[in-house]
Amino acid sequence: MTYPGWFCRALPKSTEDFTRCCKDSGILMVVKCRKENSALKDCLTAYYNDPAFYEECKLEYLKEREEFRKTGIPTKKRLQKLPTSM
33 MTYPGWFCRA
43 LPKSTEDFTR
53 CCKDSGILMV
63 VKCRKENSAL
73 KDCLTAYYND
83 PAFYEECKLE
93 YLKEREEFRK
103 TGIPTKKRLQ
113 KLPTSM
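Numbering of the sequence shown is given in the numbering used here, commencing with residue 33 and proceeding in unit increments.
Rather than coming from a laboratory, the hints here were simulated on the basis of the structure. Quantities reported herein were computed from a predicted structural model and do not represent experimental measurements. Don't take every hint at face value.
[Unchecked claim] Here are the simulated lysine-lysine pairs, BS3-like style, with alpha carbons at most 25 Å apart: (1) Lys64 / Lys45; (2) Lys73 / Lys45; (3) Lys108 / Lys95; (4) Lys55 / Lys67; (5) Lys55 / Lys45; (6) Lys90 / Lys102; (7) Lys108 / Lys90; (8) Lys95 / Lys109; (9) Lys73 / Lys55; (10) Lys67 / Lys45; (11) Lys90 / Lys73; (12) Lys90 / Lys109.
Please model the complete structure; the sequences and the hints are all you need to start from.
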């Protein structure tokens, strides 16, 4: 799945900032990382409210569901490499 480049360019940075804050703060992350958490939530909320992103996710889901109905094999198992016995 691709994310539109114009849409919330700060997502990787927001994720890194939040992760770093949580690692550095330990158990106090709930209090210390509010600013980083808010920035990450705002960015993700923009994705979730975008109709184009919703349609892209829906089409990907429907494609995977159709493939599962044909094969009976979930996507995760289909993507795993099969062991060779040679």
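Mind listing which of the numbered hints don't hold for this structure, in increasing order? Checked against the structure, no hint fails, so every one of them is satisfied.
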